[in-house]
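Given the sequences, and given the hints that come with them, work out the whole structure.
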Amino acid sequence: MEIIDYIVVGSGCTGAMAAETLAESGKRVLVIDVGVENENASTENTDFIAKRFNDKQQSDFFLGKELEVLSENSHPNIPQQMAQRKFMTELTDKFLPVRSNNFFPVESLALGGLGSGWGLGSCVFSENELKKVGLSTTLMNESYKAIASRIGISGEKNDDVCSFCHNNLIDLQPSIKLNPAAESLYQRYRKKEVYFNQKKLFIGRPAIALLTENKADRQAYTYKDLDFYANEGNSAYRPAITIHNLLKKGKIEYQKGWLALRFWEENDYTILECMHVETNKKQLFYATKLILSASTLSTARIVMRSFQSKDKLPILCNAYTYMPMVYWPFVGKRNIDQFCGLVQLAMFYDKNADHSEVAMASIYNYRSMLNFRILKQMPLNYADGMKFLKLLIPALFIAGIFHPADYQAQNFIKLQKSDSPTGDTLLTNYSFEGNEANQIIETEKLYAKAFFKLNCLILNKIRTSTGASIHYSGTLPFSENEQLYHLSPAGKLFGTNNVFVADGSGFKFLPGKGLTLSLMANAHLVAQNVLKNA
Amino acid sequence: MLPEAKIFAQYLDAKVDDEALLIKYTKAIEKLKLSLSEKEASVLRYLIKMPFLLPFADGAWAFLNPKNGIRKRIMVMSAFIETEPQFVQLFLNEKDVSFSVFKMLFRGSVAVLRGIIGVFLILVLGWK
Ligand SMILES: Cc1cc2nc3c(=O)[nH]c(=O)nc-3n(C[C@H](O)[C@H](O)[C@H](O)COP(=O)(O)OP(=O)(O)OC[C@H]3O[C@@H](n4cnc5c(N)ncnc54)[C@H](O)[C@@H]3O)c2cc1C
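In order, the protein sequences belong to chains A and B.
Just so we're aligned, residue 1178 is where the first sequence starts under our numbering, counting upward by one.
Just so we're aligned, residue 69 is where the second sequence starts under our numbering, counting upward by one.
Treat the hints with care, since some could be wrong.
Taking CB as the label site, the calculated pair distances span [said to hold, decoys possible]: (1) F1629(A) <-> D85(B): 39 to 49 Å; (2) L1461(A) <-> P134(B): 48 to 58 Å; (3) Q1375(A) <-> Q78(B): 54 to 64 Å; (4) K83(B) <-> N1457(A): 47 to 57 Å; (5) D1237(A) <-> K83(B): 40 to 50 Å; (6) D85(B) <-> N1422(A): 43 to 53 Å; (7) K83(B) <-> D1348(A): 25 to 35 Å.
No wet-lab data here; the hints were simulated from the structure.
We treat Cβ as the ideally placed atom computed from N, Cα and C, and that holds for glycine.
Dropping the structure here:
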């Protein structure tokens, strides 16, 4: 029996950060992961426009060799899946089954997890938000700095949203150049800034985990508008970059193909039972300390199995509304070569004017996802719709609004016996009701009015099904008091001696912002606590 | 299935001079298992004979029945055309377009009008 110092479950944003911190100690670190890899990874280095005009094989690239993009079996909450990103959600139907009428979470069993396709939007949480989440401001502020210097973040140092995005806590590379339509929209806001600020609305450039300058062996972003398909020069931060680097330097070991099922403790070590996803063979791994970073929902499954729980656990998920809109001044404009499909601007709504309950709209230009995806949703015939869209695309923005989330009694997850390979299915319920639902409607109206003021015509207001925000947390809330299914503020799972949780399971509140930078900062802190505890 | 592919390509303004695209479409429909109900298949036979009705029927389905099987097949053709370099100018402006807001509103109005006529058409012909 071989006892490893630290076993980390999962290689997503949180697992990668925890593994890196633990590896710095020089002790043995083993990452256990299902680790589906990207067989369609693209090494594309042309730009979108050149590709569209010249590449005769482009349908394989845009629609997938197996026409994956046209097939009807996509996940309800990621209908816009690219062939190059399909691996992110592979095997989840089989090994992470969910039963629900109203909550369809997006989960991953991939190397790099959902971080293989995250939108890179990086926000620090404010002091008030951290208090509600259950984390220490001082420690998190230190940790934000450490994570930012690891992954590389670009952003604007002096605009109206820096206090929402980075609060000048982290070293930033210069922000990306805005696309012309976004630049024009931003200038329009600057002219009406006073009006917007009175309404507690602020627009600026969000911080994103994208390099605009070279960093170690990663290269600066090149504006080729293939952001959803390729990651030239690794300019976008993806957790697999960290895992590959650590492996190259011999700092960690990595075992893929293993699904962690449950753990138990004996004297001074922890036993982790895993199942191989190809053979269903079971194997035990032994660790001095076990760090679970398999994502909020997957970790909850492991914990519930280990404690043989029949109880319900709470869950948090941001509500998400998106609004396609036309920015009139850009209708019919020429398509340019240098373009960026990533988030351009963010509009924050600070309801209480104290950063305690913030909602955020991420604003994107739509182009590289191709027109046919919009055409199929438009109430127009295809032939006219195509001509209509050709003029409209340069002016098309999508604003995705994240609403803050607090615990509500009706929302829960629970493990139920089933005949799945793991022997269980996650039963979930999530709905927005009462005050929360009213607040969502109010916020949507406010945003719609604000965009109208900026010369945008809202085409539709789509309140997505719950789970679509892909922001989940709060299944094992942080607590000062020792109680089952809770985490200590240091990330230790109560009821165990050596099991820690490094993903979002402890977050007791979800600000309406990107949570992943905070997830990574927390994972770093948890790993530091593991080392202190050693 | 080739006649169907041909009328869809023509409908989308793609002047097809070789059969490769049509064959690609035919194979894709099989691969994606986009089968039609009996009623949809018979409607499609009519449309192959009278392709000028297609914009109206398509516009009406877009309103009333977006999941219609024929519309799904048009979507496949539209995706293929969009990813052929020879047709890229059907989707991307190479220059700024003058009077673009006016042109867009005009195009939108034509589409809505065709949709409204189409609604009557498919109700009368029982194609809903
Ligand atoms: C399209 C998209 C855009 C997004 N954009 C943003 C954004 O702009 N800003 C933002 O803040 N967030 C964004 N997110 C959310 C962000 O991706 C997640 O918050 C983040 O990736 C969660 O990281 P994680 O490590 O907790 O979990 P995951 O990324 O889900 O990683 C889980 C890891 O654990 C492994 N695993 C799971 N279960 C087991 C098991 N039982 N045994 C072994 N291994 C297991 C998986 O293989 C995987 O490696 C986005 C997500 C998506 C999909």
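For this session: Would you pick out the hints that fail for this structure and give their numbers low to high?
Result: Checked against the structure, the hints that fail are numbers 5 and 7, while the rest are satisfied.
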